[in-house]
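**Student:** Listed here are the chains, written in short residue letters.
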Amino acid sequence: MPEVTYREAVRDALTHALRTDERVFLMGEDIGEMGGSMGVTQGLLDEFGPKRIRNTPISEMAIVGTGIGSAMQGMRPVVEIMYEDFLTLSMEQLVNQAAKHRTMSGGQVSVPLTIRTQGGAGWSPGAQHAQQLEAWFVHVPGLKVVFASTPADVRGLLWASIQDENPVLFFEHRTLYPIKGEVPDELEPIPLGRARIHREGEDVTVVATGRLVHEALEAAEAAEQEGISVEVVDPRTLQPLDEETILESVRKTTRCVTAHEAVTRGGFGAELAAVVQHGAFDWLDAPIERVGAKFGPLPFAPALEQWVVPHAADVLDAVRRTVARA
Amino acid sequence: MATVEEKAGSGGRRVSEEVLKGFFREMLLIRRFEEKVEERFRAGELPGFLHVAIGQEAAATGVCAALERDDVIASTHRAHAHAIAKGTPVERIMAELYGKVEGCSRGYGGSMHLYDVAVGNLGANAVVAGGIPGIVGAALAFQMRGEPRVAVAFFGDGATNTGTFHESLNLAQLWKVPAVFSLENNGWAESTPARQQLPLPVDELAKRALAYGMKTIEADGQDVEAVYLAALAAREHAVAGKGPVLVHLRTHRLTGHYVGDPQVYRDKDELRRERETKDPIELLRARLELSESELETIDAAATAEVTAAVEFAKAGTDPPPEDALKYVYA
Amino acid sequence: MAVEVKLPRLGQGMEAGTIVRWLKSEGENVVKGDPLYELDTDKVTQEVEAEADGVLLKIVVSDGEVDVGTTVGVIGAEGEEVSLEPPEPQPAEPSEPKETPAEEAARRAVEGEREEPAEPSDRSSQGRAVEREPSAPRGAPAAAEARGRMKASPLARRIARERGIELASLRGTGPDGRIVAEDVERGAAPSRPAPAEAPAVGEVEVVELNSIRRTIARRLTEAWEAPVFQLTVTADASELVATREQTLALVAEGDVKPTVNDVLTRVVAAALVQHRAVNAHFVEGQIRRHSAAHVGIAVATPNGLVVPVIRDADRKTVREIASARADLVSRAREGKLQLQDLEDGTFTISNLGMYGIEQFVAVLNPPQVAILAVGAIADRSLVVDGELEVAPTMTMTLTCDHRAIDGSEGAEFLRTVKAFVEAPALAL
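Chains as they are written, first to last, in our numbering: chain V, 1 to 326; chain B, 327 to 656; chain W, 657 to 1084.
If you're looking for bench data, these hints aren't it; they were derived computationally from the structure. Note that this is a predicted model, so its numbers are computed, not measured. Please note that the accuracy of each hint is not assured.
[To be verified] Derived lysine-lysine pairs resembling BS3-like cross-links, with alpha carbons at most 30 Å apart:
#1 807/W <-> 594/B
#2 252/V <-> 807/W
#3 604/B <-> 688/W
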């Protein structure tokens, strides 16, 4: 199986979609000649031209709204929001319009729109270019939320998201773009709503998303040395959530840790903890631990950023706490 | 390229008496509908918010008459007139206001979310300017597919202050999409008069489109013929690929913002003068050759249609509660 | 045709308004559109217009708060008769206050926490030791439960429940002493060596805890947590024995024969009412001193230890005590004790003298704050007024809960007991 980077995997999914479905087109800032600020759309303008790879002004509200309107007319737009921090500028259209058109119309319209965006800390981007806001969108009925962590997952899931009839928030992570991973020769669609077990274990389940999937795997290796067997599960789709896989895992291990880069308070881990507490209550042998960033805007200095954001060591500590004795 | 302000009616076009009579019938239907809605609301039968378009009938009728069936519109919170003018039967709108399954949005939308995709109504919107970017998108789709269709956004003067409005006009003009922005300028954003929200004179509001190099057409929003001609011209321009058009209609809201609004913020004498001199239906009636009995017939027909709509709505079916989440995801 | 003027709904969410004043009077002509009355809503005071032409025949509500839809007036033709429907009565407020969520949680905590179901008063097959105090009032339980609550993970609780293991008998190795699953798994196996009887070669006899033993285990484990101290005295039992003999002489044929212990029970009861600090319970952080002495007698039965109670022992004669004691003991041995036989004890006497035990320390019987362990009466040497003598003596050890009793209080009580033992007439 070929090995590609996460970035290449995203581009691959977009290319496939553009080639096979004339309804698909891209809109975003700097996605044309520049190939996107993260380099994801490099080469696409040359292949598909400016009518399908549309550079836009800095107008998140209008870009997303235009995506909505054209999707309602049967196109398949894929809108790139340069940094997920800028989703805030398009919230009205995402939350009040895209998520609600279908319900408000009594099912007359659908909005098959995909919004791709990226975020996360690393290399000191500063507080306004580093957020992880996926939890907000899980809270809006009508939206789907995907957060893939490996090249194979991101490729298969982006393809499936573009095919989905609903508005999908597709989160990528900036520090994952360069990572390499094996992908199948042929693009394999991955259905939304299915978790993936990256590593099997017996003693504690770590449910991780985004960059923290990789931190969790690193922590699992270390835990193994200490005699703790860790199972790592990546939900991949946050909405709809594959509760069954997660609950089955916790019922097996009896302990659970959630891990994401987003701030712990009100983060997706809170929802996971509630789901696990409810569905696996009688199987829990320890309180559920949540790993996430500390509660503050991300500071600039590298030492400060390092401290605020969670790493493998934090996941390992949490794992240890679940098996701790007095 | 500088925009040219066109006054509707120039170029020698006129509208036939028959067509005008058709406009009159529709506008009176809208009026009776809105009055009935007010009445039923006061009787406590209608849940939610209601905003009626009494005084703004010509803006709705004139613009929609200029459109083809597969042109699309998006409206505002004050949407009943647009919905009727675009072709949804009044009984289906009334049923929607009563929250019944027979309503045009199956009871899921209500007054501010009237959709009827079959006749090109992409929805009313409770968020000011909320529907405008979507119209840019619809127009973009038509352009990309080479379809001779236009997308029309209705909005008021209040919406022209939002970021959404500016971003949308900017992008629409940049990509020259076949959109028509129909600005129904009644000088009020709920209780806020023009002088508290617009830094330029209210009658010059179309200049905002100049900032984007967009063509504008001016028309008296209370003169349905002028509105119709303006809309026709705008449509022609847009569908020919020449770019979007802002149609500026100076109109008058002869009621409160919402049903029940006592309009404490409005000068009562001025309101009374407007009602006496700016009623688009009265203005049209004065121009038409209509006998008393013809008038009575038309009025009776409108009233009857509206009354029947209420009966239809009241006899309708409440949506089953277990279907509340039926349309969340496709 | 008269038209009723009803209070209109003037805004979404408006349910009532207050009529401030009428702008037209009864009998006045009104034209549709005329301002009819002033209405105060949440947001603003405004004029409400007449919706019909005619004469204002009647003002039904002249002022005050009115619900939307209520008829406030009537407009009609001059001279028309007006008859109105009587106003609908307002729906009554529900009378019983709803449980607050906290109260509901507390109630569920109590109901869920019962590790053994509440027993009906009739016990058929076996006597049972009293399981818990009569339940605390509904408002308090959550706090009580929390204080006495066993920390155990949900998983540990489930395994314990499924296997009938008492959590209280386990030691938790999790953080903060939390019992985790492993503790339950480990606890299911007995941690002490097998009992004295030699098992058959190669076999281990496993004695499963019956419910009495489980309860004993649980309660005495709780007792083990109390900070205790013991006080010991040795008393000359001659007079005690003599008193018993005198009482015996008064007993009719067929009546229960009083024992020395019955006399002891009587004198201890007398001491208890004089030293109510020792005649007390320690419950929920409170010391509850009782005025009556309900003395429990520890009785060994084939099924385990039970402590039936002789109520008001301080007001019974020795013969009455003997009679009560005999009845309780026989019923205990037959497994026929009722709940009321086991309730309300304020003090316990445990006597292992019949086994030749000289002295021992008894474990508290919670929530009682003290227990007296009595050893065998045996002739021993004593020093009296500097002279060596031999007398029947009895050693008694008082175990006290230091949360409720200080050394001096326990000592004073025990001194009185000794005094009464040595001169029962003082107590009777």
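**Student:** Evaluate each hint against the coordinates.
**Tutor:** Going through the hints against the structure:
{"no.": "1", "hint": "807/W <-> 594/B", "result": "72 Å, violated"}
{"no.": "2", "hint": "252/V <-> 807/W", "result": "22 Å, holds"}
{"no.": "3", "hint": "604/B <-> 688/W", "result": "22 Å, holds"}
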